[in-house]
Amino acid sequence: MVIADKYEMVCGLEVHVELQTKTKIFCGCTTEFGGEQNTHVCPVCLGLPGTLPVLNREVVNYAIKAGLALNCEIAEFSKFDRKNYFYPDLTKDYQTSQFDLPICGKGGLEIEVDGEKKWIGITRAHMEEDAGKLVHSGETITTSYESSVDYNRAGVPLLEIVSEPDMRSIPEVLAYLEQLVQILEYTEVSDCRMEQGSVRFDVNVSLRPIGATTFGIRTETKNLNSFSSVRRCLEYEVARQARVLDAGENVVQETRTWDEGKGITLTLRSKEEAHDYRYFPEPDLAPLVIDQEWVEGIRKTLPELPVARRARLQGLGLSAYDAGVITSGKAMADYFDTALSYYSDAKTLANWVMGDVTRLLNSNQCSVADSPISAKQLAELLELIDKGTISGKIAKSVLEEMYSTGKDAKIIVKEKGLAQISDEGALLGIIDSIIAANPQSVEDYRAGKDRAIGFLVGQIMKATKGQANPGLVNQLLKQKLS
Amino acid sequence: MSVVEKSVSELHELLVHRDVSSTELTKAYIDRIHSADPDLQAYLTILEDQALAQAAEFDRKIAQGEDIGTLGGIPMALKDNMCTEGVRTSCASKMLDNFIPPYNATVTDRLRAAGTILLGKLNMDEFAMGSSTENSNFAKTRNPWNLECVPGGSSGGSAVSVAADEAAFTLGSDTGGSIRQPAAFCGVVGMKPTYGAVSRFGLVAYASSLDQIGPLTKTVRDNALVMNAIAGHDLKDSTSVPYEKPDYTKFLVNDIKGLKIGIPREYYGEGIDSDVAKGIQAGIQTLIDLGAEVEECSLPHTEYAIPSYYLIATAEASSNLARYDGVRYGYRAEAADVLGMFKTTRAKGFGPEVKRRIMLGTYALSSGYYDAYYLKAQKVRTLIKQDFDKAFEKYDVLLSPTAPTPAFKFGEKSANPLAMYLSDVTTVPVNLAGIPAISIPAGFVNGLPIGMQLMGKAFAEGTLYRIAYTFEQNTNYHTLKPNLGEVLARGNR
Ligand SMILES: [Zn+2]
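Residue numbers (the working numbering), protein chains in the order written: chain A, 2 to 483; chain B, 40 to 532.
Don't take every hint at face value.
What the hints assert, rightly or not - Calculated pairs, DSS-like style, for lysine-lysine (alpha carbon to alpha carbon, straight line, at most 30 Å):
1. 84/A / 382/B
2. 223/A / 382/B
3. 424/B / 84/A
4. 80/A / 275/B
5. 415/B / 272/A
6. 80/A / 134/A
7. 479/A / 394/A
8. 394/B / 272/A
9. 134/A / 382/B
10. 520/B / 289/B
Hints listed in this document are in silico derivations from the structure and should not be mistaken for laboratory results.
Here chain A stands alone, though its shape is the one from the complex (with noise of 0.2 Å):
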């Protein structure tokens, strides 16, 4: 980067995450994405006059496995807090979320850049309420000739997570929201789906001449929702601020807004115009307390989380990069886990995984939570290739085939036949006629020409449309010709 010799970045990262509980957070309309507008509303999400808010126990439970997944400390005592302003997003004009008491308290997470391990501090995470989503005729509210409001998403449970100004280069930045979405897909309290605007980032970021120990003054851009708008973003944002500095001027504190058509950044209001939210307790909800009991409770239900899982892979003898790849995502790490289940070498396994079945999901745009091969069927046809029933090259035929219809390997291989011929006398046949339609061949072999086997091997091989074992036969042809 051409601030490499110059500035050091400084960047710490709000993430808003949905959890994905069935029932919204204060009433029990459906969290369900989509839905015709305003159809996943009661009076309470819609905030009519009179109405209450109980919070679903569910979305505590989320906040605190998600806060273990990320070794934050869990409050004993918190509470909710209402953020007032106004826009129609909103359906009371305020947001109830949680302000100077979050039910997470400081945690972190390791990121690895370029083989060097490091800790990324976590502040804190807190639950809120979404709002819901406007619907413009034009381009921004300020530009259209009119809006709607759909308040299916109003009242969809968030945490958000902040992050310490810990990272210090975009690869960093990428590497710390890779772990963290990661470790909420693991803990299933989020699905992490950007496209649905399940998880929305804002990138706070500063620069300072390389040596210093102050930071600089920051910007805030708010709203990014994918990792390739964050790193789009941070490049811009990063060259923009150097620019400044160089220009001997200061950065300008305020939030800032990407537009993700032209890959800029653009003020969206200064510290002076920042909202004075007004934050107060929310008096309709009391006080949350949670017991050890509980936070032990939902301890129990971890399940084995990313870096764990990946050493373990390794001991199993892959190679870090393959421990990387299968982990990277729950499913193909389940499926992997499932798979070995059945079927003990995980090396072998690995490589299929990755290979040949990564590439048929992958070719009919198919997730592996959907792979119509469970892993257990994989787990067969591997073991077919280790008994000699099918050759390794038959194998992968098998598996298009196991792809298509859904059937078991040993099935497929009855029906088509496949079965690799190892029976000595059918297999002697053949090569005696082989050995009868080649005479030069057999003569180059024997006048020392080792690669003339080869081309008997292969002959032998197409006669048997690929079915002859052909270890065995390697070793009746030698004896034969010997």
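For this one, chain A is given, so just place chain B with the ligand on it according to the hints.
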């Protein structure tokens, strides 16, 4: 004696013995409303057809021998800030003039389940902000004892309709005295229950941590009967308390021997009308004669109650009333853009007192002022609570005038908001502490009723009922009625 003048428990007897049907009773109340309300203006909405249909349904049930409960077939009315499914709930505000909730408040549901007949919705200060009902956007409710005087507020309609026999009982809401003060001004019984005893679900919020619904009735027994029906835990309200709800009528014994009553001297300070003080003194003597042990005591932080109340209540109100922005329901003003629409809607939809309190509350919560105002007010609130806790170590109940004066004249205080706020001095500490308090008729000053307030420990409504009942059994104030001859004559013309 006309049937509408009877108490709930008397009406129950008539219904049980088939001396009167619910339909006849409902018709009698509707007739009374039609003749009295042109002058008194207690009602904002009269549900004549719906009420008669409910009464007819009830009469069928009783004919089939079904159990009617203690409130079955009794005509009543609700303050217009309690949600009624399919029936306009306006909070006496232009903002909600056209608001018809698609749901019932929990109290509405519970009273319906008890078989009561809903006669209509009652006038109030806009969004329950006020002490005289003068802040209603729709009607000028008059005190039946003197038409020149206010009925008190904010539950003015609720008190007047009971006093003038336009309903057998009503519900009001009390954030800083809004049940007790109008009950005192109109000579009826008004209970502000413990915070969390009655569900707030469906009560349009003014100040969430202070609001509480309670009954206004002709007698103490009626009050206990209505409490039996409306109190108790509600899953829809996270601040409602899961407590063992007693049968409140069990406390109605004519005996207070040995009960200890404290008289907080701070409640007799400047601004207390000397005739009111004298009247209450006579009431105290009655209680002493009946065997109560009475002693002066102190609630030292009382003088800070008004300022802290008006900071906390307005802060919560500024947030609670933010949702009235013209986007989803209620009044909407036309404007060029969305911000303009917000501003114009709120400028035109709210009355001056509501705007005043929203501005006060917004200021109290603003960055840089929060600690000095809102936070400090919360600390004072804790001190006030501690004052009560300490007093209740020694006394069963505390006693004071409900209001410093009898009902005042229209316009007398509305020009000076601060004077109006100060008249809440005897009632707001109770809301800040979250404890129950009842106002009962305790005499007259210049032909206007005055109220005696009894304050109790949290969830000690029973003790309040016991003392109130004993006082009532040994006095006749509750039997005296305003002379409505001219009002009714005008209405019937
Ligand atoms: Zn809902």
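Hints, one by one, checked against the model:
no., hint, result
1, 84/A / 382/B, "19 Å, holds"
2, 223/A / 382/B, "26 Å, holds"
3, 424/B / 84/A, "27 Å, holds"
4, 80/A / 275/B, "19 Å, holds"
5, 415/B / 272/A, "27 Å, holds"
6, 80/A / 134/A, "26 Å, holds"
7, 479/A / 394/A, "23 Å, holds"
8, 394/B / 272/A, "28 Å, holds"
9, 134/A / 382/B, "21 Å, holds"
10, 520/B / 289/B, "28 Å, holds"
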